[in-house]
Structures are given as structure tokens and as C-alpha cells.
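**Q** In case you want the letters, here they are:
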Amino acid sequence: RKEVEQDPGPFNVPEGATVAFNCTYSNSASQSFFWYRQDCRKEPKLLMSVYSSGNEDGRFTAQLNRASQYISLLIRDSKLSDSATYLCVVNAAGTYKYIFGTGTRLKVLA
Amino acid sequence: EAGVAQSPRYKIIEKRQSVAFWCNPISGHATLYWYQQILGQGPKLLIQFQNNGVVDDSQLPKDRFSAERLKGVDSTLKIQPAKLEDSAVYLCASSLVGERDEQYFGPGTRLTVT
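Heads up: the protein sequence lines correspond to chains A and B, in order.
If you count by this note's numbering, then the first sequence holds residues 39 to 148, one letter each, in order.
If you count by this note's numbering, then the second sequence holds residues 101 to 214, one letter each, in order.
For the record, the hints were derived by calculation from the structure and aren't laboratory data.
Mixed in with the good hints there might be a few duds.
Simulated restraints, written as ranges between beta carbons of each label pair [said to hold, decoys possible]:
1. A:Leu84 to B:Ile138: 17 to 23 Å
2. A:Lys80 to B:Gln159: 20 to 26 Å
3. A:Tyr89 to B:Gln159: 39 to 45 Å
4. B:Pro161 to A:Pro46: 21 to 27 Å
5. A:Asp95 to B:Ile138: 29 to 35 Å
6. A:Glu41 to B:Ala120: 26 to 32 Å
7. B:Glu202 to A:Asp45: 20 to 26 Å
8. A:Arg104 to B:Arg109: 37 to 43 Å
9. A:Pro52 to B:Ile138: 39 to 45 Å
10. A:Pro46 to B:Ser158: 22 to 28 Å
11. A:Asp45 to B:Glu185: 23 to 29 Å
12. B:Pro161 to A:Gly92: 36 to 42 Å
13. A:Lys80 to B:Leu170: 25 to 31 Å
Calculated cross-link-like contacts (lysine-lysine; reagent style DSS-like; alpha-carbon spacing at most 30 Å) [claimed, not checked]:
14. B:Lys111 to A:Lys83
15. B:Lys111 to B:Lys162
16. A:Lys40 to B:Lys162
17. B:Lys115 to B:Lys178
18. B:Lys144 to A:Lys83
19. B:Lys144 to A:Lys145
Pulled a few chain A residues facing chain B out of the computed Cβ check, cut under 10 Å [what the hints assert, rightly or not]:
20. Phe49
21. Tyr74
22. Pro82
23. Ser87
24. Ser90
25. Tyr108
26. Val127
27. Ile137
28. Gly141
Just so it is clear, the structure is predicted and the values come from calculations on it, not from any experiment.
C-beta: ideal position from N, C-alpha, C; glycine also.
Isolated chain A, as found in the complex (with noise of 0.2 Å):
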């Protein structure tokens, strides 16, 4: 089983949409995670961290089922400018190091 697993998608959804993300690890030990936003061609850059109460910033919501092991990311009203891939980043428990997920693909179309 891998670290970290994604579905790599692609999610082809219309304008306005809603849309949710899954991301599972093995590690019952981890204890930081986030979701990265990776445009085509570009650096990953942080969307958001994850913490234990869940995280709301604006049409983004990231929970944590720590139970079931996964992360997941919603996005409500969806825009065109959200298309892009989004990498799940969970980190190894113990240490500073970051294991990133395939990522996700979403594509918004008008």
C-alpha cells in the first residue's frame, strides 16, 4: 500500500459545481497534513493546512478522519482558475519529512 494515495482523476466538472477530494495514508502516526495546489507547468504552492477541527478558507474545506486515515478536500461553486492538480502532503510522523500524494486533477469547464 502506498503512503499516500490520490485519485489521480482527471474530475471534469461544470462551472458552479461542487467537488470533493480524497486522499488516504497508512501511516496511523502522521500528524501534519495539507493540500498543495499545482498548476500545469508550476510549482506546488500551498492551499491549505489540515488541521484535526477541519479548515474552512473562503470555498475550501479540508477535514481530517483520522479514523479511516484519509484527508479530504471540498470545493463549492467551483471556478475555472480552480483547475489545476491538487497534491496531498502528509507528514511522516516522527520526522520533518513530507510525503506527497500522484495528485489530483480537476478540470472546471465552462
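On the provided structure of chain A, position chain B as indicated by the hints.
**A** Relative to the frame of chain A, chain B by itself:
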């Protein structure tokens, strides 16, 4: 605030040649990372420095890859000799210190090995 700088942006070499990449992190960031990102995959950590000491290099192919971070600031990553499967984007990132700190990425160096 200046971001993470990397050079060159693009490099094309033949297999068995050598290549070096340079990274200048954000001022004051103690932790520096080198990642390899193959097309269609997420970034894979090659090596991580805390100041000028190596924290993790477990996924660095040490028979051909080497990296150093002189004086805890700039870093270089070298490949010698290159193989076709080394074709990828090499990303440098930095963060303040710890595991909850945001990583800031440079624009990357796109390496093509022919």
C-alpha cells in the same frame, strides 16, 4: 519577499553526462528540500537539509546523485552520470523549520536526458 530561486530553468544533456542544479532558499529558512517530480507523479523527496546538516537522504540514489548545502544557505544537487530515467523536474523548496511549516517551492529545473 524574494522567493526560492533555482537555476538553470531548463537543461538538456545526453546520458552519462553530468549536470548540476543550484538553489537559493528564502532568507532565514533553515530547512531545504530537493524533490524529483516525474511527469504525472507527485514530488518525491530526494534529500532534506536542516541548516547544513542532512536530515533525510533515504531516497537519494547515492551512486549517481549528490547534494550539499554550504554554510546552511545555498544548495547544489548533482547528477553524475545521468540516465534516461532522470528526466524530470527538480524542485527545491524551503521552510522555516518544522513539520507544520509551509514549504515554499522554487520554479524548478526541467531536465531532459537524451
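**Q** Against each hint, give a clear statement of whether it holds in the structure.
**A** Going through the hints against the structure:
The given range of 17 to 23 Å is respected by Leu84 of chain A and Ile138 of chain B, whose C-beta atoms sit roughly 22 Å from each other. At about 23 Å, the CB distance of Lys80 of chain A to Gln159 of chain B agrees with the hint of 20 to 26 Å. Between Tyr89 of chain A and Gln159 of chain B the beta carbon distance is about 28 Å. The supplied range of 39 to 45 Å is therefore violated. One distance hint, 21 to 27 Å for the beta-carbon pair Pro161 of chain B and Pro46 of chain A, holds here, with the actual separation near 25 Å.
For Asp95 of chain A and Ile138 of chain B, the hinted distance range of 29 to 35 Å is satisfied, since their beta carbons lie about 30 Å from each other. At roughly 30 Å, the beta carbons of Glu41 of chain A and Ala120 of chain B sit within the given window of 26 to 32 Å. With their beta carbons about 25 Å apart, Glu202 of chain B and Asp45 of chain A fall inside the hinted range of 20 to 26 Å. Between Arg104 of chain A and Arg109 of chain B the Cβ separation comes to about 41 Å, which falls inside the hinted range of 37 to 43 Å.
A hinted range of 39 to 45 Å is violated for the C-beta pair Pro52 of chain A and Ile138 of chain B, which are about 31 Å apart. Evaluation of the 22 to 28 Å hint for Pro46 of chain A and Ser158 of chain B yields a pass: the beta carbon distance comes to about 25 Å. Taking 23 to 29 Å as the suggested C-beta distance range, the pair Asp45 of chain A and Glu185 of chain B conforms, at roughly 26 Å. Take Pro161 of chain B and Gly92 of chain A: their Cβ atoms lie about 39 Å apart, and the range 36 to 42 Å holds.
A hinted range of 25 to 31 Å holds for the C-beta pair Lys80 of chain A and Leu170 of chain B, which are about 28 Å apart. Between Lys111 of chain B and Lys83 of chain A the CA atoms are separated by roughly 23 Å; this keeps the pair inside 30 Å, and the hint holds. As the CA atoms of Lys111 of chain B and Lys162 of chain B are separated by approximately 21 Å, the hinted pair is consistent with the 30 Å bound. Distance hint between Lys40 of chain A and Lys162 of chain B is fulfilled; the C-alpha atoms sit about 23 Å from each other, no more than 30 Å.
The hinted pair formed by Lys115 of chain B and Lys178 of chain B meets the criterion: a straight-line CA distance of about 14 Å does not exceed 30 Å. For a cut-off of 30 Å, the pair hint linking Lys144 of chain B to Lys83 of chain A stands: about 15 Å separates their Cα positions. For the hint pairing Lys144 of chain B with Lys145 of chain A, the CA-to-CA distance comes to about 24 Å; that is within 30 Å, so the pair holds. Because the closest C-beta pair between Phe49 of chain A and chain B is about 16 Å apart, greater than 10 Å, the hint is violated.
Checking Tyr74 of chain A against chain B: minimum C-beta separation of about 8 Å stays under 10 Å; hint holds. Satisfaction of the interface hint for Pro82 of chain A is found here, the shortest Cβ-Cβ separation to chain B being roughly 5 Å, below the 10 Å cut-off. For the restraint placing Ser87 of chain A at the interface with chain B, the shortest Cβ-Cβ distance is roughly 7 Å, inside the 10 Å limit, so the hint holds. Because the beta carbon of Ser90 of chain A sits about 12 Å from the nearest beta carbon in chain B, more than 10 Å, this interface hint is broken.
A least Cβ separation of about 16 Å between Tyr108 of chain A and chain B goes past the 10 Å threshold, and the interface hint is therefore violated. For the restraint placing Val127 of chain A at the interface with chain B, the shortest Cβ-Cβ distance is roughly 8 Å, inside the 10 Å limit, so the hint holds. Because the closest C-beta pair between Ile137 of chain A and chain B is about 8 Å apart, less than 10 Å, the hint holds. Evaluation of the Gly141 of chain A hint against chain B yields a held restraint, the C-beta minimum of about 5 Å falling below 10 Å.
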